[in-house]
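Novice: Those protein sequence lines, which keep their order, are chains A and B. So that you can map any letter, position 241 of the first sequence is 241 in our numbering, and since no number is skipped, the others follow by simple counting. So that you can map any letter, position 204 of the second sequence is 204 in our numbering, and since no number is skipped, the others follow by simple counting.
Hints listed in this document are in silico derivations from the structure and should not be mistaken for laboratory results. Bear in mind the structure is a predicted one, so any value in this text is a computation, not a measurement. The beta-carbon is built from N, C-alpha and C at its ideal position, and this holds for glycine as well. Among the hints, erroneous ones may be present.
[Stated by the list, open to error] Simulated coverage check for chain A against chain B, where a stretch passes if three residues somewhere in it have a Cβ under 8 Å from a Cβ of chain B:
#1 17–28
#2 49–55
#3 159–167
#4 189–200
[Stated by the list, open to error] In the DSBU-like style, the derived pairs of lysine-lysine whose C-alpha atoms are separated by at most 30 Å in a straight line are:
#5 A:Lys227 x B:Lys180
#6 A:Lys115 x B:Lys124
#7 B:Lys180 x A:Lys141
#8 A:Lys14 x B:Lys242
#9 B:Lys121 x B:Lys140
#10 A:Lys67 x A:Lys227
#11 B:Lys247 x A:Lys14
#12 A:Lys249 x B:Lys291
#13 B:Lys137 x A:Lys179
#14 A:Lys205 x A:Lys82
#15 A:Lys179 x B:Lys140
#16 B:Lys124 x B:Lys38
#17 A:Lys14 x B:Lys245
#18 B:Lys74 x A:Lys141
#19 B:Lys137 x A:Lys115
#20 B:Lys137 x A:Lys198
#21 B:Lys140 x A:Lys205
#22 B:Lys74 x B:Lys180
#23 B:Lys247 x A:Lys205
#24 B:Lys9 x A:Lys115
#25 B:Lys242 x B:Lys350
#26 A:Lys14 x B:Lys338
#27 A:Lys205 x A:Lys115
#28 A:Lys198 x B:Lys140
#29 A:Lys82 x A:Lys67
#30 B:Lys121 x A:Lys115
#31 B:Lys140 x B:Lys124
#32 A:Lys58 x B:Lys291
#33 A:Lys249 x B:Lys180
#34 A:Lys115 x B:Lys140
#35 A:Lys249 x A:Lys67
#36 A:Lys14 x B:Lys350
#37 A:Lys115 x B:Lys38
One letter stands for each residue in the lines below.
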Amino acid sequence: MKNQSHENKRSPRKRIVNFLVHVLLAVLALIWVMPIVWIVLTSFRAEPGAYTNTFLPKSYTLANYVKLLTDRNVLNFPRMFKNTLIIAICSCLISTSFVLSVSYSLSRMRFRMRKPYMNMAMILGLFPGFMTMIAQYFILKAMGLTEGSSIRFGLIIVYSACTGLGFQISKGFFDTIPKAVDEAAVIDGATRWQIFTKITMPLSKPIIIYTVMTSFIAPWVDFIFAKVLCRANADQFTVAIGLWNMLQKEYIYQWYTCFAAGAVLISVPIAILFLYLQRFYVEGMSGAVKG
Amino acid sequence: MNEDRISVKNALIKGDLLTKLSAVIMGAGIAGHRQIVKGAVILLLEIAFFGFMVQTGIHNLSMMSTLGTEAQGKVWNEAKQIYEYSAGDNSQQILLAGVITCFVIAGFIALWVLQLRHSYKLQKMIEKGEKVPSLGKDVKNLFDSNLHITLMTLPCVGILIFNIVPLVYMITMAFTTYSKEGEHLVLFDWDGLHQFMRVLNMNGNIGRQFWHVLAWTVVWAIFSTFLNYILGMMLATVINRKDTKWKGFWRFCFVLSIAVPQFVSLMIMNIMLQPSGAVNVLLQNLGLISKPIPFWTNAMVSRITIIVINLWVGIPYTMIQVTGILQNIPEDLYEAAKMDGAGPATIFFKITLPYMLFVTMPYLIASFVGNINNFNVIYLLSGGGPTYVGDTAGQTDLLVTWLYKLTIDQQYYNLGAVIGIMTFVILTVITLITYRNSSSYKNEEAFM
Numbered sequence: 001m002k003n004q005s006h007e008n009k010r011s012p013r014k015r016i017v018n019f020l021v022h023v024l025l026a027v028l029a030l031i032w033v034m035p036i037v038w039i040v041l042t043s044f045r046a047e048p049g050a051y052t053n054t055f056l057p058k059s060y061t062l063a064n065y066v067k068l069l070t071d072r073n074v075l076n077f078p079r080m081f082k083n084t085l086i087i088a089i090c091s092c093l094i095s096t097s098f099v100l101s102v103s104y105s106l107s108r109m110r111f112r113m114r115k116p117y118m119n120m121a122m123i124l125g126l127f128p129g130f131m132t133m134i135a136q137y138f139i140l141k142a143m144g145l146t147e148g149s150s151i152r153f154g155l156i157i158v159y160s161a162c163t164g165l166g167f168q169i170s171k172g173f174f175d176t177i178p179k180a181v182d183e184a185a186v187i188d189g190a191t192r193w194q195i196f197t198k199i200t201m202p203l204s205k206p207i208i209i210y211t212v213m214t215s216f217i218a219p220w221v222d223f224i225f226a227k228v229l230c231r232a233n234a235d236q237f238t239v240a241i242g243l244w245n246m247l248q249k250e251y252i253y254q255w256y257t258c259f260a261a262g263a264v265l266i267s268v269p270i271a272i273l274f275l276y277l278q279r280f281y282v283e284g285m286s287g288a289v290k291g
Numbered sequence: 001m002n003e004d005r006i007s008v009k010n011a012l013i014k015g016d017l018l019t020k021l022s023a024v025i026m027g028a029g030i031a032g033h034r035q036i037v038k039g040a041v042i043l044l045l046e047i048a049f050f051g052f053m054v055q056t057g058i059h060n061l062s063m064m065s066t067l068g069t070e071a072q073g074k075v076w077n078e079a080k081q082i083y084e085y086s087a088g089d090n091s092q093q094i095l096l097a098g099v100i101t102c103f104v105i106a107g108f109i110a111l112w113v114l115q116l117r118h119s120y121k122l123q124k125m126i127e128k129g130e131k132v133p134s135l136g137k138d139v140k141n142l143f144d145s146n147l148h149i150t151l152m153t154l155p156c157v158g159i160l161i162f163n164i165v166p167l168v169y170m171i172t173m174a175f176t177t178y179s180k181e182g183e184h185l186v187l188f189d190w191d192g193l194h195q196f197m198r199v200l201n202m203n204g205n206i207g208r209q210f211w212h213v214l215a216w217t218v219v220w221a222i223f224s225t226f227l228n229y230i231l232g233m234m235l236a237t238v239i240n241r242k243d244t245k246w247k248g249f250w251r252f253c254f255v256l257s258i259a260v261p262q263f264v265s266l267m268i269m270n271i272m273l274q275p276s277g278a279v280n281v282l283l284q285n286l287g288l289i290s291k292p293i294p295f296w297t298n299a300m301v302s303r304i305t306i307i308v309i310n311l312w313v314g315i316p317y318t319m320i321q322v323t324g325i326l327q328n329i330p331e332d333l334y335e336a337a338k339m340d341g342a343g344p345a346t347i348f349f350k351i352t353l354p355y356m357l358f359v360t361m362p363y364l365i366a367s368f369v370g371n372i373n374n375f376n377v378i379y380l381l382s383g384g385g386p387t388y389v390g391d392t393a394g395q396t397d398l399l400v401t402w403l404y405k406l407t408i409d410q411q412y413y414n415l416g417a418v419i420g421i422m423t424f425v426i427l428t429v430i431t432l433i434t435y436r437n438s439s440s441y442k443n444e445e446a447f448m
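Please take these sequences and the hints and turn them into a complete structure.
Specialist: In structure tokens, the structure reads:
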């Protein structure tokens, strides 16, 4: 075995193949990274406007970031940031508790409605999300949650109310915790609640972090629900709508480079969170797929 | 065995007087069988239900048949010299109230069944001389053997109110005339299957667009799902190769692109591919093209562009998802194939791909469904365009983005609802067929 691979390394054909593979990977990596590099460069570009006749900026400046963070008249980015932060924190708390409760119950408890619940979740997942979105808007309107500052509550509800349907990944994780742990605790006289809070939760740090982060990120990257709910209420805009607006005809010339700056500011923390979470994501996925 | 079952039928036939009484006065049986607090709560719920029905429920239901008939009136008042407006009916609110009332009634029926069964169960416990659990014990059980009730009640209420009720409400809209067409935005009426006919009729304007959009949706979903899957897996295999160096670095480059929020990267792509955007500028500066490429104005070009950009978005996802599974493929399968003289291509298509298809079938189905409902990519890249004059659907619109345009932009709510239902039907059929024919369903042990 060892001998064979040694031989392979020396054969010229193998070396050419190896070289070509690395060239291919380098080209592909360049294609994948280029748009990101381009937007970072654009965010430091001194010339205004969306379109320039050179690919790389001619001169660099920090003014775009300064304008984005200080201009409160036209598109108030700091306020959008505050709105999104409040919504993200609240909906993150609610969704995390919903997801963990549901997936723990489905993984560890056996009750009559368990299978029907899982089937229902699958069927509901086949409906396009927008069908419910429009009707959700009418229901929130009937509850009086579509005007002024109550839009915020509407958005929190929209982001967190149905998260009980997204249990698959964390259920897959709970399934991998040996049942013997629970049984030992039952013999020691622990109740189910004690097992859940004192034994399963401390063992499930990765999936808790994963759930917290993904539900925290959701309001930052969704713009369509926010757009439908906020309509023209500019003081309730979230970051995503703000960035989207910067690319509309009336703002794009003045705001394009600021859009790039905003995109970088939002992407950097999310990218760091994502790269950190990736490991849990892969674990959850392969766990869930393996059943 | 069957005769002892705790069912509504048995409760009504074999129950004692108290159990039978609770068919009318709910909770009577439970209270009579020593669970007084629980019985009282149920009785209160019954009273509340009938109060609700008398107050608004019956009215709501009766309005459902016409969905309101009275338009907003404008009467000239001679004495005050002003127009007086009378409040007209609002069909959309009437429909919503009706749907909610139906859900309340369904909940009441469920409660009726549950309390009857529970009463019968308690009765049998007493007959057998068992101890009836006290209120304290019941509460304790909510944190032990009945923990799932405690944990799942709130999430279920959330799903009911903000997913199921809206869904049913939207489905009922498909059978009405709720639309901007013909000024039916305030007052509308039941319309039967008329809108379904319109959508399915290939000769009409809407029907023609529907079949067009459907065809593109299916083509798009097939291309994007399978290209992403195969190419992503090839990429993962190439990176996983024994002789590839700097594995972590390559993975990092690709993962970086999904770490950036999708709507940001898609909007950037849209701007980069405009006629005077960065890509055209770059190509022109290099002298490769003389005229800008019409990425978003030519139907065929923009379709191809969208599929290619979706590869940019999707390949890294597939890569990180399959990497772990690829490493699980038993090494001896590869060894045996190499012994028999198989090349890398043969190994990929004869061993890697079948194995992966087997393990990741559920993921593949999920991503197919996700692609049919892939709103972001289309809406942010091409916005569904280019759109021909007189059409509501653009050349790259999927069913979902068309649904969005029909409802939010055009306010054709009934047509939008029909499109949503059609999407659901198509997805259900495709999911069932692929799942039934997949090897992981037919032969669960194949690779174990």
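Novice: Of all the hints given earlier, name the ones this structure violates by number, lowest first.
Specialist: none
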